[in-house]
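Chains as they are written, first to last, in the numbering used here: chain A, 1 to 140; chain B, 1 to 360.
Hints should not be assumed to be uniformly reliable.
[Claimed, not checked] Just some of the chain A residues that point at chain B, by a computed CB distance under 7 Å:
{"#": "1", "residue": "Ala19"}
{"#": "2", "residue": "Gln31"}
{"#": "3", "residue": "Arg33"}
{"#": "4", "residue": "Thr34"}
{"#": "5", "residue": "Pro56"}
{"#": "6", "residue": "Cys79"}
{"#": "7", "residue": "Lys89"}
Derived from the structure by calculation, the hints contain no laboratory data.
The structure displayed is predicted, hence computed values, not measured ones.
Idealized CB from N, CA, C, for every residue including glycine.
As a plain string of letters, each chain reads:
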Amino acid sequence: MAAFKLGKMILRSLFKKPATLMYPVVPRVWQERTRGHIENEINDCIFCGICQKKCPTNALVVDKAKRSWTIERMQCIQCSCCVEVCPKKCLTNENTYTTPSTEKVVDTYVGAAPEPKPVPKVEPKIEPKAEPEVVEEKAE
Amino acid sequence: MGKRTIIPFGPQHPVLPEPVHLDLVIEDEKVVEAIPSIGFIHRGLEKLVEKKEYTELVYVIERICGICSFGHGWGYCHTVEGLMGIEIPERAEYLRTIWHELSRVHSHLLWLGLLADGFGFESLFMHCWRLRERVLDLFEKTTGGRVIFSVCKVGGVRKDIDKETLDEMVSVLRGMEKELKELTETFINDYSVKNRLVGVGYLSKEDAIELCAVGPMARASGIRQDIRLTGNGVYDKLEFEPCVETAGDCYARTLVRMREVYQSIDMIAKAVELIPDGEISVPVKGNVPKGEFMARLEQPRGEAFYYSKGADSKFLERIRVRTPTNMNIPAMVKTLQGCDLADVPMLILTIDPCISCTER
Numbered sequence: 001m002a003a004f005k006l007g008k009m010i011l012r013s014l015f016k017k018p019a020t021l022m023y024p025v026v027p028r029v030w031q032e033r034t035r036g037h038i039e040n041e042i043n044d045c046i047f048c049g050i051c052q053k054k055c056p057t058n059a060l061v062v063d064k065a066k067r068s069w070t071i072e073r074m075q076c077i078q079c080s081c082c083v084e085v086c087p088k089k090c091l092t093n094e095n096t097y098t099t100p101s102t103e104k105v106v107d108t109y110v111g112a113a114p115e116p117k118p119v120p121k122v123e124p125k126i127e128p129k130a131e132p133e134v135v136e137e138k139a140e
Numbered sequence: 001m002g003k004r005t006i007i008p009f010g011p012q013h014p015v016l017p018e019p020v021h022l023d024l025v026i027e028d029e030k031v032v033e034a035i036p037s038i039g040f041i042h043r044g045l046e047k048l049v050e051k052k053e054y055t056e057l058v059y060v061i062e063r064i065c066g067i068c069s070f071g072h073g074w075g076y077c078h079t080v081e082g083l084m085g086i087e088i089p090e091r092a093e094y095l096r097t098i099w100h101e102l103s104r105v106h107s108h109l110l111w112l113g114l115l116a117d118g119f120g121f122e123s124l125f126m127h128c129w130r131l132r133e134r135v136l137d138l139f140e141k142t143t144g145g146r147v148i149f150s151v152c153k154v155g156g157v158r159k160d161i162d163k164e165t166l167d168e169m170v171s172v173l174r175g176m177e178k179e180l181k182e183l184t185e186t187f188i189n190d191y192s193v194k195n196r197l198v199g200v201g202y203l204s205k206e207d208a209i210e211l212c213a214v215g216p217m218a219r220a221s222g223i224r225q226d227i228r229l230t231g232n233g234v235y236d237k238l239e240f241e242p243c244v245e246t247a248g249d250c251y252a253r254t255l256v257r258m259r260e261v262y263q264s265i266d267m268i269a270k271a272v273e274l275i276p277d278g279e280i281s282v283p284v285k286g287n288v289p290k291g292e293f294m295a296r297l298e299q300p301r302g303e304a305f306y307y308s309k310g311a312d313s314k315f316l317e318r319i320r321v322r323t324p325t326n327m328n329i330p331a332m333v334k335t336l337q338g339c340d341l342a343d344v345p346m347l348i349l350t351i352d353p354c355i356s357c358t359e360r
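I would like the entire structure built from these sequences, with the hints used as guidance.
Here is the structure:
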C-alpha cells in the first residue's frame, strides 16, 4: 500500500513543474507591493530632512547645504517610513532589489544647483548732482 | 548505576535552528538532568525605546522575531493604542487577524518541516516548506515583505487588501489544504514518524499547569488555554474551539499544530466573508500619555505578553515583551529528565523554540 502511494507521488512529481525557480535563467517576478529599495527623485527633493529624522535605522543623511541625499543600502530595512513622511512625495519604494554586494554600499544623490533667484531689476536712481560747494579761500 | 557525564548540547547543533545551550547530565544514555542557558543572541531591542519615537518603534519591535513578526507588531501597537485611548477601525482589526492567522499557518508549516528534518524524514521536510512558500508569496503580495511585513502601525494598518486578492488568498489556501492532507496522513500514520514521536517527552496536565506551559505545549497536555478566546482582534466573531489533545507527548504536540493549520485556514476564510468596508487606520497625533498598559496575544508558539509605559512624550519609558518560548523552557527541562539522549533533539524541537524572541 505504501509502495503504491509512493509510486503515485513519484509519477506525479515526474510530470510536474519544479517547485523551485531556476533562478538566473528564469527571472524572479516581483509583486507590485514588494519593498525592494528606496529611490529618490532628487530634483523634486527639498532636503527638508524629515526622512532622516524618522528613519528607524539612521540609514539616511540629508545635507541641505550641499544639496545631497545619502542612503546606506545595507542599513536600510525597507520599512517605507521615509516614503510615508516625505512632504514632496519624491521618495518611492521600488519593487526590485539592489544588486548583492560584499561591501557596504552608500548611494549619494546630489540635486542640481538651485537656479539663481531672479533679482528684481531696480532702476538706479539718478540723484541730481549736488552743486559743488565753492569755498572761497580767504585771501590773506 | 553508571557513571555520570555531562554532554554539552548546542548552541551550534545541526538540529537546532537557533542557539540554545544545554548541559545534559547523562547516565547510561539516559538524561538525568538538563541545565539550559541562553544569552547568545541578545540584541538589546528593548533599550531602543529610548531612541525611537513610538510610531517608528513598531519597525524595531517587529524585528524581535522573523516568524511571528506580525504578532509582535500587533501586540506593541495594541499597548500604545490602549495608552492613548485609540479605537481602531473594524476593517483594520479584520486585516490584522487575517495576517496573524496567515503567520500561524506559515509558522506551523515551518515547524512541521523542521520536525520532519529532525527525525530524518528529509522529503517530508521539503514538502512542508514547499507549501509554506505559497503563504510567503501571499504575504509578499499583500504586504510587500516575505518575512518582515511592516504593515501594522499605531492606529490601524498601512495597507489594504482588495476583494479580489482576499478571494485569491482563500483559494490558494484551500488548494494548499488539499496537498497538506497528504502530508498529514504521513505525519499521523507513518510508522517511522510514530516511532520517533509517540510516548516521547510526556508532560502531564498537572506539570503543564505547574510549570506554566503555554500555547500548543499546554494544549497538547489537555489544557484548554488560548488567548484568542479572550477576544482580542475579531476572534470572538470567528467562533472557534481551540485544538486540545490529552496525550501530552511529542505526537500530541504535532497533532495540535497540524490541526491548527486547518483551523487557521478556516478562520481566514470566515474573516474574508465577514470583513466590512471602511477605513483602515485612524490618524494618530500627540504624545503618549503617562500610564501603563498590558496586552496579551496568542502567537503561533503560545501566549505572548506586551507591556508599555508612557511618559507623556514621544518616547515611551519602557517596553517589555515576554515570549512563549521563555515560558516553555521549564516544561522542556522537565520533559528532558529521564529521556534517551537520542530523543533530546525531538524534545527541544517540539516546544518550537524561538530563542531570538526570548532574548530580544
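Against the structure, the hints:
no.	hint	verdict
1	Ala19	holds, 5 Å
2	Gln31	holds, 5 Å
3	Arg33	holds, 4 Å
4	Thr34	holds, 5 Å
5	Pro56	holds, 5 Å
6	Cys79	holds, 4 Å
7	Lys89	violated, 16 Å
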